[in-house]
Amino acid sequence: MTAAALRVAMLAVLLALVIRPHWFEPVFAPLAPAGGPVIYDRASLLSLSLNHLGLVLAASVTATLVAVGLAVLVTRPAGAAFRPLARSVANMGQTFPPVAVLALAVPSLGFGSGPTLVALFLYGLLPILENAITGLTNLPRATMEAARGIGLSRGQRLMRVEIPLALPVILTGIRLSVVIALGTATIGSTVAARTLGEVIIAGLLTSNTALVLQGGLIVGLFAVLIHDAMLQIETRLLRGGRI
Amino acid sequence: MIEIIGLTKTYDSVKAVDDVTLTVESGTITVIVGTSGSGKTTLLRMVNRLEEPTSGEVRINGASTQAVAPHILRRRIGYVIQGNGLFPHHTVARNIAAVPNLLNWPRDRIAARVDELLDLFSLDPDQYRDRYPADLSGGQQQRVGVARALASRPDLMLMDEPFGALDPIIRARAQDDLRRIQRKLGSTILLVTHDMEEAIRLADRIAVMDGGRLVQYDAPARIIAHPATGFVADMVGDVERPLRLLSLIPVSEVVTDGSADGAAISAEASLRDALSACLWTGRTAVPVERDGVRIGQVTLDAIRARAEFRA
Ligand SMILES: Nc1ncnc2c1ncn2[C@@H]1O[C@H](COP(=O)(O)OP(=O)(O)OP(=O)(O)O)[C@@H](O)[C@H]1O
Ligand SMILES: [Mg+2]
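Going line by line, the protein sequences match chains A and B.
The first sequence begins at 1 in the working numbering and counts up by one.
The second sequence begins at 1 in the working numbering and counts up by one.
Errors might be hidden in some of the hints.
Said to hold, decoys possible - Label-pair distances were calculated between CB atoms; the ranges are: (1) V61/A / A67/B: 41 to 47 Å; (2) A12/A / A112/B: 51 to 57 Å; (3) D177/B / A229/A: 47 to 53 Å; (4) A229/A / K184/B: 39 to 45 Å; (5) R109/B / F82/A: 27 to 33 Å; (6) D126/B / A229/A: 33 to 39 Å; (7) L53/A / R76/B: 33 to 39 Å; (8) D177/B / A3/A: 48 to 54 Å; (9) Q232/A / D195/B: 37 to 43 Å; (10) S13/B / N91/A: 35 to 41 Å; (11) T134/A / S36/B: 41 to 47 Å; (12) A229/A / E57/B: 41 to 47 Å.
In short, the hints are calculated from the structure, not lab data.
Ideal Cβ positions, reconstructed from N, Cα and C, are used throughout, including at glycine.
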């Protein structure tokens, strides 16, 4: 009950911050420098939020498809030889600092959303790939034996047994990846992607704590609420229908 | 009919199954017994090609198992895996329906078949149909595993220690059920166990394996009376041989005229049960009844005569 109440409260605050930012003027005013804006006014916070979420969604969906596809390939007998390679490539994607990815992508992709998408995608890949490989390789032996024994074809085993049984672990990977992407997307503003990072950077450049706080608060609340919502969906899927 | 011809499986340097040849007649139960690691599971798994033989061949009703794709072959063969292997993410009903689903049976026919099988294995359909395997006891899981193998009424069934996790009472009942179902449907069953008692109870023929080799393949009575090697004799257990022999003979075979006193025994019971009744109540004969009607008696002398070793 208290958890539900907290959730509703956070959602209300988040919506108000994004749709009716001027309500919060008295709260942020003491933090703004004299003469500086209290509320970010160079773009609507709603459109920045939607853009931010859109980038995260696009990158996460692509990362999920690619990572799960790769995991399936390298867990087949024919692809097993490529498992270490896939893992180290994804690891490299993760070790590379996001700022460096952005910088390197700008010359070929220009400023804006392009480089950000690339960075988010590369960053999202590893947690999903790792989890999907773990999930697909740690299936109960007797169950897999039975699946073969009763006459499921390879494809049927994958779709009806392996993926459903690995799903909890895969979903955890996707959730992790989405949360990382929500945070990383703010850095995209350094190469002119329209994300909530814009608010924070504007604040940092003009020593305006009010703006920094606003941007940080919105991104933070999005991350917490989306993480929570995905967790809810996961538990419901697993407890109820079990796919 | 299953013909296993010169079947061998080598892992690295170990011969898990070593040149086994045997023929299982249609409509019979053949039980493979042997100690742990003697190659029973490996032999069974080569029949439905879960394992490909190093050499040798399996023919089912004259056709080589190599003639069709493995997953198509397996849909025709019921398979009970050692340790049940139920799908944890599917309900009991969906587990049992797995093969009928693959064979595209209509929905209502599948539902009816699931309930029929649950009934058969003493699991109330309304109570168990929608449960998940994790919410069943080990013995119940095992019965669902056997039900899954029976679901599409396959002519041939492979069972790897299907009753391992059952307590003695449920186990005996499950064995009787299996025997009854098998008689009714005329299915051919190849069953693995390491329990000689179970083998004697169920088998038309027993195959004894030792270190990957088939050391004897015979009717239970002959295995008991004429073990081919010391190993087989050990498996049968010397002191228990007369009792095991008696357990194979129904009372009806030695019933004679007469009207002994005391509680009666069923004509379908074994001589071992009759002996036990004699000893326990200090009688030299017990009355025999069939369908509640007394049809004669069985005497201790008659039992003794059948238990004696006649070389
Ligand atoms: N995949 C494998 N790789 C290597 N050796 C194996 C493999 N499968 C089985 N073996 C070996 O083959 C031999 C026979 O194994 P199998 O599983 O057929 O025995 P079993 O008679 O079924 O034993 P149990 O009663 O314990 O189930 C054993 O020595 C086992 O270690
Ligand atoms: Mg075994």
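Comparing the hints with the structure gives:
1. V61/A / A67/B: 41 to 47 Å: 45 Å, holds
2. A12/A / A112/B: 51 to 57 Å: 53 Å, holds
3. D177/B / A229/A: 47 to 53 Å: Holds - the Cβ-Cβ distance for D177/B and A229/A, about 49 Å, lies within 47 to 53 Å.
4. A229/A / K184/B: 39 to 45 Å: 54 Å, violated
5. R109/B / F82/A: 27 to 33 Å: For F82/A against R109/B, whose Cβ atoms are near 44 Å apart, the range 27 to 33 Å is violated.
6. D126/B / A229/A: 33 to 39 Å: 36 Å, holds
7. L53/A / R76/B: 33 to 39 Å: 52 Å, violated
8. D177/B / A3/A: 48 to 54 Å: 50 Å, holds
9. Q232/A / D195/B: 37 to 43 Å: Violated, since Q232/A and D195/B (Cβ atoms, about 49 Å apart) do not stay within the stated range.
10. S13/B / N91/A: 35 to 41 Å: This hint holds: roughly 38 Å between Cβ atoms.
11. T134/A / S36/B: 41 to 47 Å: 32 Å, violated
12. A229/A / E57/B: 41 to 47 Å: Cβ of A229/A to Cβ of E57/B: about 58 Å, so the range 41 to 47 Å is violated.
Violation of the numbered hints given earlier is confined to hints 4, 5, 7, 9, 11, 12; the remaining hints are satisfied by the structure.
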